[in-house]
Structure formats: structure tokens, C-alpha cells
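Novice: Residues per chain, in single letters:
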Amino acid sequence: MNSRQRRTFLVALAMLAPNFLGFVVFTAGPVVFSFIMAFTDWNLTLHNAYSNNKVMFVGLENFRALLGGEEWRYFSKYFYNTVYLMLIIPLDIALSLLAALALNSNIESLRGDRRHTGPVSIAVIAILGIIGMAMAGAHPFAIFMLVVTALVIILGLYLGQTSFRTLFYLPYLTSGVATYILWKALYRPETGPINRGLRIPLIGLSNTVAHTPAVLWNAAGWAMIIASAVLMVWFAVVMIKKYIYKDIGIAGVIFSCIGVALLLAGIAGIGHVISSLPHMVRPSPAAVVMLEPPKWLVDTTWSKPAIMLMSVFMSIGSNNMLMYLAALSNVPRNLYEAASIDGANGWQTFWNITWPQLAPTTFFIVIMHTIGGLQGGFDMARVMTQGGPAGSTTTLAYYLYERGFTDFKLGLASAIAWTMFAMIFVLTIINWRYGNKMVND
Amino acid sequence: MAIAAMSTNEAAQVHKKRFPVRLLIIFIVLVMLALFMMSPFIWQVLTSFKTVLDIEKGIWPTTWVFGNYVEVFKQIRFGRYYFNSIMIAVWVTTLQVSTSALAAFAFSRLRWPGRDKVFLMYLATMMIPGVVLMIPNFWLMLKLNLYNTYSGLIIPAAFSAFGTFLLRQFMLTIPSSLDEAATIDGADEFRVFTDIILPLTQPGLIVLAIFTFLGNYMSFFWPLILVKDDALRTLPVGLLFFDSAYGKQINLLMAGSVMSILPLIILFIILQKYLVKGIQMGAIKG
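As given, the protein sequences belong to chains L and R, one line each in that order.
If you count the first sequence from 1, position 226 lands on 226 in this note's numbering, and the numbers rise without skipping.
If you count the second sequence from 1, position 104 lands on 104 in this note's numbering, and the numbers rise without skipping.
Since the hints were derived computationally from the structure, they do not count as laboratory data.
Remember, it's a predicted structure, so these values are computed and weren't measured experimentally.
Think of the CB as a built atom: it goes at the ideal place given N, C-alpha and C, for glycine as much as any other residue.
Check the hints yourself; a few may be wrong.
Computed footprint of chain L on chain R, listed as stretches where at least three residues anywhere in the stretch have a Cβ under 8 Å from a Cβ of chain L [as the list claims (entries may be wrong)]:
hint: 1; stretch: 54-64
hint: 2; stretch: 104-111
hint: 3; stretch: 117-125
hint: 4; stretch: 146-158
hint: 5; stretch: 172-182
hint: 6; stretch: 259-271
Using the sequences and the hints given, assemble the complete structure.
Specialist: This is how it looks when you write it as C-alpha cells:
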């Protein structure tokens with residue numbers, strides 16, 4: 001190195017030093033350390049300042065326990081929980097996409113329509129004001145909601161996309177402990193607003209079901225189940241046809257089939273519930289049982305769906321939607337124009353132009369959510385359910401916390417962490433290989 | 001490289017002189033969706049003004065208790081938690097942004113042996129999930145006597161490969177001709193950094209600062225395991241224990257959580273332009 005290069009090297013070193021030091025001490029070092037520790041029996045109750053025990057290498061013992069030994073029943077159950085919670089991802093993405101599409105079409109009209117917004121807002125205020133005055137003796141809450149609605153409408157008219165985007169993003173932005181505590185209160189079985197709101201319609205539904213022939217409900221439910229099965233088959237056939245014609249790769253087929261399968265499975269599930277309504281309400285010919293809202297977080301069956309519902313709420317307007325908005329605005333205009341010249345209707349335009357153009361974004365979102373889903377769920381579980389009734393909301397991340405920081409079995413916890421890493425690594429590789437391929441098409 | 005998220009295309013509208021029914025429907029749907037998404041927050045805010053008896057009665061408070069917000073500060077050390085959260089987040093953000101900016105400059109603007117290999121190491125660790133690092137970092141804090149201290153909360157959180165990565169991306173987009181012009185005029189590397197690169201990277205710095213601040217303000221796992229004393233708790237942990245101890249007093253709980261998320265909302269409304277751009281940049285890159 002000549003002196004010029006050496007100088008540059010020293011300057012670089014100086015600039016890099018703080019960050020690099022922190023990197024080594026808090027990131028790179030810990031990675032190595034954690035890896036080594038996964039192969040030991042490190043346990044803070046045995047190895048601390050007060051005892052003379054030595055940390056022993058135990059080879060693959062921790063992994064053996066996890067993947068077939070004493071810990072397997074926990075590991076498998078919590079892995080199941082984690083994957084179950086991730087099943088909501090297709091719905092998350094679909095809703096974000098819908099929201100992005102809605103927002104995207106919105107901006108192209110009212111923004112350029114200045115002369116309309118003034119009179120329209122006045123009309124809106126006037127109408128709502130009239131309704132409000134008519135309800136003058138009404139409950140203050142109704143008036144409050146009227147005012148809020150008016151505000152939202154006016155904001156939407158004047159600020160267009162930005163105001164809706166902000167409002168949609170708020171649930172995601174504030175998704176932390178404060179919001180989990182809020183939802184915990186919302187989900188309270190007896191006194192929470194969700195169940196209080198559900199009780200009355202459920203009583204109405206129970207009465208309706210009790211007094212109508214059971215066949216109706218059975219038929220409706222089965223119709224839904226059969227319809228979703230048929231749709232699934234039809235979709236799979238369409239995908240396979242596309243694959244044969246080389247319109248789409250095998251990855252595309254797999255991903256879209258899984259996504260659609262999950263959505264349709266949800267619909268089939270609803271169908272199943274509908275078909276069993278008569279039996280639930282009339283278990284025996286004389287008795288009529290009123291449908292009760294579920295106990296959500298304290299019920300082992302409903303705790304996970306409760307969390308999934310909450311996460312849908314938070315994710316509709318989140319980063320997914322923003323990414324879709326950006327991707328949508330990058331779709332070349334001439335594609336749409338060509339399509340409309342060829343006489344394509346809305347659905348065809350979406351399916352053949354918009355959806356493929358969004359494919360890289362969709363892929364990216366799916367992978368990121370899957371990776372996040374594998375390591376997540378800790379905050380929610382700790383705040384809302386402490387791992388859930390009988391471990392039904394314990395995810396792998398919470399499992400790690402339990403073993404590592406409650407039982408202090410840090411060796412085992414490290415093994416859990418690295419097992420999670422292995423899974424995530426596989427996904428990252430898939431992202432790397434297929435992601436690049438898709439983007440470069 | 002900036003993505004114009006709001007492309008108004010007048011040409012597409014030319015043949016839309018008739019009243020846009022479809023758009024009206026979409027607008028109505030959007031309004032309803034917006035109201036739906038705000039409903040938990042509306043409940044939250046209204047409940048924060050109720051008396052304890054009112055909580056079960058209905059959504060609208062029969063008596064308005066503004067004192068709930070003050071009561072929260074009395075029942076738990078809420079002011080302290082608030083202070084802790086904000087102070088720690090500010091420290092972490094400052095450290096993170098400054099060290100990352102320096103490092104990103106070294107990676108993007110300077111040539112030195114081993115540069116790309118080291119950067120690859122940074123990239124590799126970004127793939128590692130945070131949970132893997134929690135345990136060793138925890139032990140490290142124990143060993144360095146930083147358990148249950150502010151430094152323990154701040155220092156490990158201040159270093160993330162992601163910050164360097166993000167800023168390097170930003171800096172790479174700045175043409176090197178500017179550097180060369182400055183160097184010819186006699187500026188050394190530090191001058192180039194402070195006078196040329198840093199100002200041009202400002203959007204990136206702001207995005208990183210926002211992400212880091214938000215991430216740290218809401219961070220829960222790390223403060224949970226590291227802190228034993230009530231005086232050092234951050235808002236998320238403080239709220240959690242508030243919930244366990246005073247769970248029945250939902251009105252106070254809601255007041256506390258409203259106050260927790262207020263800074264986030266304010267920050268977001270002011271800075272959303274940068275935030276949105278940052279997120280969208282991530283998507284386009286893939």
C-alpha cells in the first residue's frame with residue numbers, strides 16, 4: 001500500500017470503528033457465542049456466581065430433546081401454534097391489496113376535481129347536521145359518531161389518499177404493548193365490548209335458527225363447503241394450465257394454490273359452522289340453547305383466532321398496503337390502455353395485468369411475513385395471554401422466553417433459537433433464489 | 001430513484017365526464033373501513049374518561065373523569081416510564097444514526113482492503129433473527145454489570161447492521177463526481193463526509209432515525225428481561241405490570257395506553273412522508 005491508500009485505510013478504520021466495535025460485541029460475537037451455547041447444558045440456576053458447576057458440552061443433546069425427546073411435545077405444539085397463527089397471512093395480504101387498490105383508484109378522481117369537493121363537503125355537513133338535529137334527543141354517542149364520520153369524509157375529500165392512508169396505518173403504527181392491552185380489554189368475555197356487541201345478534205340468530213327448518217342451514221353450510229372445494233379444484237386446474245403453457249413457474253403455482261386454499265378453507269370453515277348451527281341451538285328437540293359469543297382469550301379453541309383477528313386489523317393498512325401502493329403506481333400506464341382498447345373489463349385487467357405486475361411485491365411480502373411470523377408472537381402472548389390457556393397461544397418465540405428466562409435453561413433456549421434460525425434460513429434462501437428470478441423477469 | 005406515489009394522470013380521466021359512481025362507492029367503502037379501523041381507538045379514548053363503574057355500562061361515559069389521566073401518574077410511576085422510554089429511544093437513535101452514517105460512508109465512499117468481505121459479514125448477520133442474539137447479549141450484560149442499568153438498555157440496541165446497510169444504499173446513489181470535485185479542491189475525507197455526503201443523505205438519515213426511534217420506543221422483550229427495578233422500566237413493560245396489578249381499572253389502563261401511543265401518532269403525522277418513502281424504497285429493492 002502506498003501512503004495514500006494507507007491513509008484512506010486509517011480514515012476508514014476510524015470511521016468504522018464505533019459501529020464495527022458494536023457490531024462485533026453485540027451482533028457477530030453473540031451469534032458465535034449463541035451457536036456454541038446451543039451445544040451445552042448452560043443453565044443459570046446451575047452455573048452462576050454462587051456455584052462451582054462447570055458448563056458442560058453436551059453435543060446435540062439439546063437438539064435431541066427438542067426434536068424427539070422430552071421437549072418434543074412442547075416444541076411440536078408450539079411450532080403448530082406458530083404455523084397456525086401464520087395462516088392468516090394470505091388474508092392479510094389480500095385485504096392490504098384491496099385497500100391499496102381502493103386507495104389507488106381514489107386518488108385519480110377527487111384530487112383533480114377541486115370544483116366538486118367544496119359543494120360536496122357542504123352537502124355532507126348539511127345532511128349530517130340535519131340527521132343530527134333530528135336525533136337531538138338521541139344518545140350523545142350517536143352524535144359523536146356522526147361528527148367523527150363527517151370529519152373522516154371531509155378529510156377524505158380534501159386530503160384524498162393521504163388521510164385514508166394515515167388512518168389505515170394507525171393500527172399498525174401503534175401495535176405494541178399499549179394496543180395489546182387495549183385488545184385484551186376488548187376481548188374480555190363477559191364485559192368486553194366485542195362480546196357485548198355480539199350477544200344481541202347471536203340471540204337473534206339463535207331464535208331464527210331455532211324456528212326455521214334445520215335443513216335450510218345444513219344445506220347452506222354444505223353448499224359453501226362444496227363451493228369452496230369446487231373453486232379450489234377449478235383454481236388448481238387454471239394454475240396447472242398456466243404452468244403447462246409456461247406462463248408461470250412452479251413456485252407461482254405452489255404459492256398461489258396455498259394462498260387460495262387457505263382462503264377457501266376459511267370459507268369452508270364458515271360453511272361448516274353454518275351447517276352445524278341447528279344442532280348447536282337445538283341439541284335435543286325440546287331444548288333451545290342460545291348461542292354465546294366465544295370466550296376468546298380464555299378459550300383454548302378461540303385464543304388463536306382471537307389473536308389472528310387482531311393481527312388482520314393491524315395489518316390491513318400497514319407496510320403491505322404502502323408497498324402495494326408504490327408497486328401499483330409503477331405499473332406502466334400503457335399496459336392498462338392497451339387492455340382497455342382490447343376491451344378488457346375490470347376483473348380481466350386485474351387478473352392479467354395488475355396481479356402479475358404485483359407478483360414480485362406479493363412474493364416479497366409473503367416471505368417477509370413468513371419469516372416474521374416464525375419469530376414473532378412473543379409480545380402478544382406475553383401481554384395478552386401469558387402463553388395462552390394451556391399453552392394454546394405459545395409461539396416458538398414465547399417458548400424460547402419461557403425456557404430461557406423463566407426456567408433459565410439458556411443452553412436449551414439457544415438450541416431453540418438456532419432451530420428457528422434454520423427454518424428462517426431456508427425461507428431466506430428461497431427468497432434469494434426465487435425473488436431475484438421473479439424481479440428480473 | 002424517488003417513487004412518486006401520487007401520479008395524477010389527467011389523460012386517463014378525459015373520458016370520465018359522467019358522475020363517477022364507482023368512485024363514490026369506493027369512497028364510501030374507504031370511509032367505512034376507516035371508521036372500522038378507528039373503532040378500537042374510539043373505545044379506548046372514551047373508556048379512558050370513564051369511572052370504574054361506567055366501564056361495563058355502555059360505550060359512552062355517563063360521567064366524564066378527566067382526572068383519570070392524572071390518576072395514572074399517581075398509581076404507578078408513569079412519568080418515570082415515559083421519561084425512560086423517550087430518553088432511551090433518543091439515545092439509541094442518536095448512537096445508531098451517527099455510527100451507522102460513519103460506517104456507511106466507510107463502506108460506500110472509501111476503498112480499503114477487505115471492505116466488501118466485511119460488508120458481507122454485516123449482511124449475513126441481518127438474516128439472523130433477533131431472538132438468537134437476545135440470550136448472549138443478556139449474558140454479556142450480566143457479565144459487564146450492565147444488567148438493570150440504562151446503559152444496558154441503550155448500548156446493545158444502538159448497533160444494528162440494518163442502519164449501516166440502509167445508509168450505504170442511500171449513499172451509493174450519490175454520484176462520486178461530487179467527491180472528486182471536493183477532493184480536487186483540497187477537502188479531506190472528513191470534509192467530504194460532513195459537507196457533501198451527509199447533507200445529501202438527509203432523507204436516509206431521517207428514515208433511519210424514525211425507524212430506530214419507533215422500534216426502540218415500542219421494544220418490549222429486551223427491556224422486559226433486562227430490567228428489575230421499577231425506576232428503570234420503559235412504557236411497554238410498565239403498562240404490562242400495570243395491567244397485571246390493576247387489571248380491573250380499565251379506565252386508568254386505557255388512559256395510560258392512550259398516553260403511550262400519543263407520541264407515535266404525533267411523530268407519524270409530522271414525518272409520514274419520510275416513513276412512507278422509506279418503506280416503499282424497501283419494496284422496490286425487493
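Novice: Each hint needs a verdict: does it hold in this structure or not?
Specialist: Hint by hint, here is what the structure shows:
With 5 residues having a beta carbon nearer than 8 Å to a beta carbon of chain L, the stretch 54-64 of chain R meets the requirement of three or more and the stated coverage holds. Interface restraint, the stretch 104-111 of chain R with chain L: holds (5 residues with C-beta to C-beta distance below 8 Å; minimum three). Proximity of the stretch 117-125 of chain R to chain L, defined as three or more residues with a beta carbon under 8 Å from a beta carbon of that chain, is established by the 4 residues found. Given as covered by chain L, the stretch 146-158 of chain R passes the check, having 3 residues with a CB less than 8 Å from a CB of that chain where 3 are the minimum.
A count of 0 residues in the stretch 172-182 of chain R with a Cβ less than 8 Å from any Cβ of chain L is obtained; the coverage claim is therefore unmet, three being the minimum. Coverage of the stretch 259-271 of chain R by chain L holds. Counting CB-CB distances below 8 Å, 6 residues qualify, and the rule asks for three or more.
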